[in-house]
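Chain A is already provided as a structure; the job is to place chain B on it using the hints.
There are 2 protein chains.
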Amino acid sequence: MTQRLRLYYKNVTDEAIGEEHGIAREELDHHKDQVARVVADLNRQGKNGELPYRKLPYDTAMHDQARRLADELSPSCRNFVVLGIGGSALGNIALQTALNKPFYNLMPPEQRGGPRLFVMDNVDPVEFEAMLELVKPELEDTIFNVISKSGETAETASQFLIVRHLLLQRFGKKGLAKHLVATTDPAGGTLRRVADEDGLRTLQVPPGVGGRFSVLSHVGLLSAAVCGIDTEQLLAGAVDMDKRVSETDLFANPAAMYGLIQLLFYQRNKPLSVMFPYSHQLKDLTDWYRQLWAESLGKERTFDGKTMRIGPTPIKSLGTTDQHSQVQLYREGPNDKVFTFLSVEHFDDPCPIPPELAEEPGFKYLGDKTLAELMRAEKVGTEYALVKSRRPCLTITFPKVNPYTVGQFIYMLEVATSIVGTLFNINPYDQPAVELGKKATFALMGREGHEELHEELKPYAEKDADYVV
Amino acid sequence: MTQRLRLYYKNVTDEAIGEEHGIAREELDHHKDQVARVVADLNRQGKNGELPYRKLPYDTAMHDQARRLADELSPSCRNFVVLGIGGSALGNIALQTALNKPFYNLMPPEQRGGPRLFVMDNVDPVEFEAMLELVKPELEDTIFNVISKSGETAETASQFLIVRHLLLQRFGKKGLAKHLVATTDPAGGTLRRVADEDGLRTLQVPPGVGGRFSVLSHVGLLSAAVCGIDTEQLLAGAVDMDKRVSETDLFANPAAMYGLIQLLFYQRNKPLSVMFPYSHQLKDLTDWYRQLWAESLGKERTFDGKTMRIGPTPIKSLGTTDQHSQVQLYREGPNDKVFTFLSVEHFDDPCPIPPELAEEPGFKYLGDKTLAELMRAEKVGTEYALVKSRRPCLTITFPKVNPYTVGQFIYMLEVATSIVGTLFNINPYDQPAVELGKKATFALMGREGHEELHEELKPYAEKDADYVV
Numbered sequence: 000m001t002q003r004l005r006l007y008y009k010n011v012t013d014e015a016i017g018e019e020h021g022i023a024r025e026e027l028d029h030h031k032d033q034v035a036r037v038v039a040d041l042n043r044q045g046k047n048g049e050l051p052y053r054k055l056p057y058d059t060a061m062h063d064q065a066r067r068l069a070d071e072l073s074p075s076c077r078n079f080v081v082l083g084i085g086g087s088a089l090g091n092i093a094l095q096t097a098l099n100k101p102f103y104n105l106m107p108p109e110q111r112g113g114p115r116l117f118v119m120d121n122v123d124p125v126e127f128e129a130m131l132e133l134v135k136p137e138l139e140d141t142i143f144n145v146i147s148k149s150g151e152t153a154e155t156a157s158q159f160l161i162v163r164h165l166l167l168q169r170f171g172k173k174g175l176a177k178h179l180v181a182t183t184d185p186a187g188g189t190l191r192r193v194a195d196e197d198g199l200r201t202l203q204v205p206p207g208v209g210g211r212f213s214v215l216s217h218v219g220l221l222s223a224a225v226c227g228i229d230t231e232q233l234l235a236g237a238v239d240m241d242k243r244v245s246e247t248d249l250f251a252n253p254a255a256m257y258g259l260i261q262l263l264f265y266q267r268n269k270p271l272s273v274m275f276p277y278s279h280q281l282k283d284l285t286d287w288y289r290q291l292w293a294e295s296l297g298k299e300r301t302f303d304g305k306t307m308r309i310g311p312t313p314i315k316s317l318g319t320t321d322q323h324s325q326v327q328l329y330r331e332g333p334n335d336k337v338f339t340f341l342s343v344e345h346f347d348d349p350c351p352i353p354p355e356l357a358e359e360p361g362f363k364y365l366g367d368k369t370l371a372e373l374m375r376a377e378k379v380g381t382e383y384a385l386v387k388s389r390r391p392c393l394t395i396t397f398p399k400v401n402p403y404t405v406g407q408f409i410y411m412l413e414v415a416t417s418i419v420g421t422l423f424n425i426n427p428y429d430q431p432a433v434e435l436g437k438k439a440t441f442a443l444m445g446r447e448g449h450e451e452l453h454e455e456l457k458p459y460a461e462k463d464a465d466y467v468v
Numbered sequence: 000m001t002q003r004l005r006l007y008y009k010n011v012t013d014e015a016i017g018e019e020h021g022i023a024r025e026e027l028d029h030h031k032d033q034v035a036r037v038v039a040d041l042n043r044q045g046k047n048g049e050l051p052y053r054k055l056p057y058d059t060a061m062h063d064q065a066r067r068l069a070d071e072l073s074p075s076c077r078n079f080v081v082l083g084i085g086g087s088a089l090g091n092i093a094l095q096t097a098l099n100k101p102f103y104n105l106m107p108p109e110q111r112g113g114p115r116l117f118v119m120d121n122v123d124p125v126e127f128e129a130m131l132e133l134v135k136p137e138l139e140d141t142i143f144n145v146i147s148k149s150g151e152t153a154e155t156a157s158q159f160l161i162v163r164h165l166l167l168q169r170f171g172k173k174g175l176a177k178h179l180v181a182t183t184d185p186a187g188g189t190l191r192r193v194a195d196e197d198g199l200r201t202l203q204v205p206p207g208v209g210g211r212f213s214v215l216s217h218v219g220l221l222s223a224a225v226c227g228i229d230t231e232q233l234l235a236g237a238v239d240m241d242k243r244v245s246e247t248d249l250f251a252n253p254a255a256m257y258g259l260i261q262l263l264f265y266q267r268n269k270p271l272s273v274m275f276p277y278s279h280q281l282k283d284l285t286d287w288y289r290q291l292w293a294e295s296l297g298k299e300r301t302f303d304g305k306t307m308r309i310g311p312t313p314i315k316s317l318g319t320t321d322q323h324s325q326v327q328l329y330r331e332g333p334n335d336k337v338f339t340f341l342s343v344e345h346f347d348d349p350c351p352i353p354p355e356l357a358e359e360p361g362f363k364y365l366g367d368k369t370l371a372e373l374m375r376a377e378k379v380g381t382e383y384a385l386v387k388s389r390r391p392c393l394t395i396t397f398p399k400v401n402p403y404t405v406g407q408f409i410y411m412l413e414v415a416t417s418i419v420g421t422l423f424n425i426n427p428y429d430q431p432a433v434e435l436g437k438k439a440t441f442a443l444m445g446r447e448g449h450e451e452l453h454e455e456l457k458p459y460a461e462k463d464a465d466y467v468v
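In order, the protein sequences belong to chains A and B. Going by numbering that gives the first Met the number 0, the first sequence opens with residue 0, and the numbers climb by one from there. Going by numbering that gives the first Met the number 0, the second sequence opens with residue 0, and the numbers climb by one from there.
Heads up, a few of these hints could be off.
Pairs count within a copy or across copies, as identical chains cannot be separated in the list.
[To be verified] Below, in silico cross-link-like pairs of lysine to aspartate or glutamate (DMTMM-like), each with a Cα-Cα straight-line distance of 20 Å or less:
no.: 1; residue 1: 363; residue 2: 196
no.: 2; residue 1: 387; residue 2: 454
no.: 3; residue 1: 437; residue 2: 299
no.: 4; residue 1: 54; residue 2: 184
no.: 5; residue 1: 269; residue 2: 299
no.: 6; residue 1: 269; residue 2: 335
no.: 7; residue 1: 173; residue 2: 248
no.: 8; residue 1: 368; residue 2: 128
no.: 9; residue 1: 315; residue 2: 335
no.: 10; residue 1: 177; residue 2: 140
no.: 11; residue 1: 387; residue 2: 461
no.: 12; residue 1: 177; residue 2: 14
no.: 13; residue 1: 437; residue 2: 359
no.: 14; residue 1: 457; residue 2: 13
no.: 15; residue 1: 172; residue 2: 140
no.: 16; residue 1: 437; residue 2: 197
no.: 17; residue 1: 363; residue 2: 151
no.: 18; residue 1: 315; residue 2: 195
no.: 19; residue 1: 242; residue 2: 197
Worth flagging that the hints you see were computed from the coordinates, not collected in a lab.
The shape of chain A in the complex, shown without the other chains (with noise of 0.2 Å):
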């Protein structure tokens, strides 16, 4: 019980803010049945298998693959290089830093206790070639994890590309198997026929989960489980949130309640929503959720078919550190954002301060606390100037920061995405818009079929000089 995440949100209210931002009581309960027909239904749709990514915390089959295949491959790993881009990576990002040492890779290999990770969710060519520079005097005990359902994304293909002739010239065909994993489609399609071909070790992609919703899949266990993460825990976390997430009584739901205050102040004027965590290990989960509400909520279409271009837009922001940076914004700026603070309770290493030089009057203070305790002053001390200047906050605490806990918060703004985009009336699992630019990369290195568009194209590379300063 204590290792649950609770959702607080009395500083959203028109009890801490006023009437003319905060949420009133009766607004709430307004939404009430609403907000629990939404849950059945999602529920409903989670139990008959048209929400694939709601099962994946109880696919033990699937879980026991992952682990089987990294207690293969970490003995002699020295080296672990995901190639993967949006939902490919970012689960991978945010597992590593919420629940790895800060500078893990940096540590000595005795005290790892799994192998560097490397996710190269970029096409930079100037990192891409230091990464290849800092691996190659490894690359006999180097893993590499392609995930791509497809194969056809065109950043990951080429990082394939690049790697797969690598490991070539290296050691041959047979390095192929050895040193490639492809998480892929587990049927058909570009890296599925070649992984097979190559005679690859692979994974799944599972079917009808979206990449934003597969940090939960193989996509995000295996390069979590190599790392020595505690995947099971992850899993289990999960479980326990589906559970709460299950209720249809808005009250007891955190999701419900998440989304749906959200959602309220998307429709009164505040479109931005900012996750603000007071915690290094949780600052890559930021950009897990950019990708989930971004991609997800950011539609031009209803269901109906209305065109209504909504779409909150989610921003990363970090404690204290943003104090120094955005804090002069966010108060005093238009009123336009909900913030939702991540906090943590208990920290594994709370680091005193050691009470010296307690002649000065700016030192003396710090004397014999820690940084534990100044992390949660700063932030309580952010959130009252914020409710202060009537910005509305979420709390979102952390008992600690373990797997079983960010296990609970992935799948719970998971669904938290399924309810809003539910109540916004539109589709949350597409992503229609991302096809032109792909489309158009496609013209512009000449892929085939895509002559017509390269012509369309030549005015945006070739620049007017009209406009230049």
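Relative to chain A, chain B alone:
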């Protein structure tokens, strides 16, 4: 000349994105005179010393002092740790990411050519302990640079007390002078007093320069120089840009054009300013920009006392990564954003893609291309897709990423901030709203003189069980 940044603004015009969203040439012309007056006024303030940040690029004495100290520290330094937050950290991080190799800290020392750099801009206890564990075995060869104008910032003060205690324990009093460098107010304040007492080497936070305008002073230059960055070229780039941003002709002044366009979109209900670099190296410059823009322009009141709650919200994005996370929202969500792409013409390592598996159409078109080409194509493809959805796009092109172009970029945005602040009729150099949170933190931590606030804070620290899910 070819090393100069270029600002391209065709894709914000009515010609590109239509009348409803685009800016007409007449609108730019309409503001020409007003902008000219503002630029002239800022030039005057720069010359007569009212805007000290404008003189930093020319301050060779200041620069020589930082370089000499860097040369003195470098030979035996294996770890260089910056203790600072906000304006005392974001510039340091941005310069390091932009101008040293990716994974710099992981490189073997002989390839690196400088110490590992840690910029500790938070008080997360787990992160700070992890840093200490990493450097303790090499403490003999570790330098800590504490950066704070007053020394009273709670985060930096705590870090300083912890590190100072560690050094005293290990090396005694003489260890402080050897291992600590303080960058602080030249005349007075807590840190200045303690630094003099402890016999520390010191550098200056320049008087009259706010943290977010200080990266081209000792604040940002020492860590850069110690890590082998050519700070002379950095300042030369800023000097070059100073000439351009002193032009009173809007159409010849990139800071004025950038600033005016941002302001016009803010006024027409596009309050979100997304900075979208297509370069791993430029990604942390967007965090630096976030502080500069938010803290300078997020203001409740105008100079004449009107309550306006002004403030564009700066958003950090990254290409190509965020195409798979944010572009769905950027194209289909509310048309409330202006995009600034940062584009790189020549990457140091193009990273070739080998022409293999050409029987697969999903791979064939990539063969014999480079990641650099792909990166540039993705940028053009994304801009094309955004323009098709009538979203305004600027591009700042870096011929290369090097100290000379990065110096230009920093200085251009600093002056753009002054211009926009002046056009908004607000004070872009203060941050009054940050104080209340600081005071609350003092109260919660038991600092003398803040007892009264302590009572007021109780309801914030002690949660109300009625609002917990």
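Structure-based check of all given hints:
For the identical chains of this complex, residue 363 and residue 196 are inter-copy neighbours only, at 17 Å across copies versus 68 Å inside a copy, given an alpha-carbon limit of 20 Å. Within a single copy, residue 387 and residue 454 get their C-alpha atoms only as close as 55 Å, which misses the 20 Å cut-off; across copies the closest is 15 Å, which meets it. Taking the closest pair of Cα atoms, residue 437 and residue 299 come within 20 Å of each other only inside a single copy of the chain (19 Å); across copies the shortest separation is 42 Å, beyond that limit. In the homo-oligomer, the alpha carbons of residue 54 and residue 184 lie at most 20 Å apart inside one protomer (18 Å), although the nearest pairing across protomers, at 59 Å, exceeds that limit.
Taking CA atoms no more than 20 Å apart as the test, residue 269 paired with residue 299 passes in both settings, with 18 Å inside one copy and 17 Å between copies. For a Cα distance limit of 20 Å, the shortest separation of residue 269 from residue 335 qualifies both inside one copy, at 4 Å, and across copies, at 12 Å. In this assembly of identical chains, the alpha carbons of residue 173 and residue 248 never lie at most 20 Å apart, being 56 Å within a copy and 64 Å across copies at closest. For the identical chains of this complex, residue 368 and residue 128 are inter-copy neighbours only, at 15 Å across copies versus 45 Å inside a copy, given an alpha-carbon limit of 20 Å.
Proximity of residue 315 and residue 335 under a CA criterion of 20 Å is satisfied in both settings, with 15 Å inside one chain copy and 18 Å between copies. Taking the closest pair of Cα atoms, residue 177 and residue 140 come within 20 Å of each other only inside a single copy of the chain (10 Å); across copies the shortest separation is 40 Å, beyond that limit. With identical chains, the CA atoms of residue 387 and residue 461 are at most 20 Å apart between copies only, with a shortest distance of 17 Å across copies and 51 Å within one. Taking CA atoms no more than 20 Å apart as the test, residue 177 paired with residue 14 passes in neither setting, with 61 Å inside one copy and 55 Å between copies.
Proximity of residue 437 to residue 359 under the C-alpha cut-off of 20 Å is restricted to the inter-copy arrangement: shortest distance 17 Å between copies versus 59 Å within a copy. In this assembly of identical chains, the alpha carbons of residue 457 and residue 13 lie at most 20 Å apart only when taken from different copies (19 Å versus 54 Å within one copy). For a Cα distance limit of 20 Å, the shortest separation of residue 172 from residue 140 inside one copy, 16 Å, qualifies, whereas the shortest one across copies, 46 Å, does not. Neither within a single protomer nor between protomers do residue 437 and residue 197 lie at most 20 Å apart by alpha-carbon distance, with minima of 27 Å and 59 Å respectively.
With identical chains, the CA atoms of residue 363 and residue 151 are at most 20 Å apart between copies only, with a shortest distance of 11 Å across copies and 60 Å within one. In this assembly of identical chains, the alpha carbons of residue 315 and residue 195 never lie at most 20 Å apart, being 39 Å within a copy and 39 Å across copies at closest. Proximity of residue 242 and residue 197 under a CA criterion of 20 Å is satisfied in neither setting, with 42 Å inside one chain copy and 58 Å between copies.
Of the numbered hints given earlier, the model fails hints 7, 12, 16, 18 and 19; all others are met.
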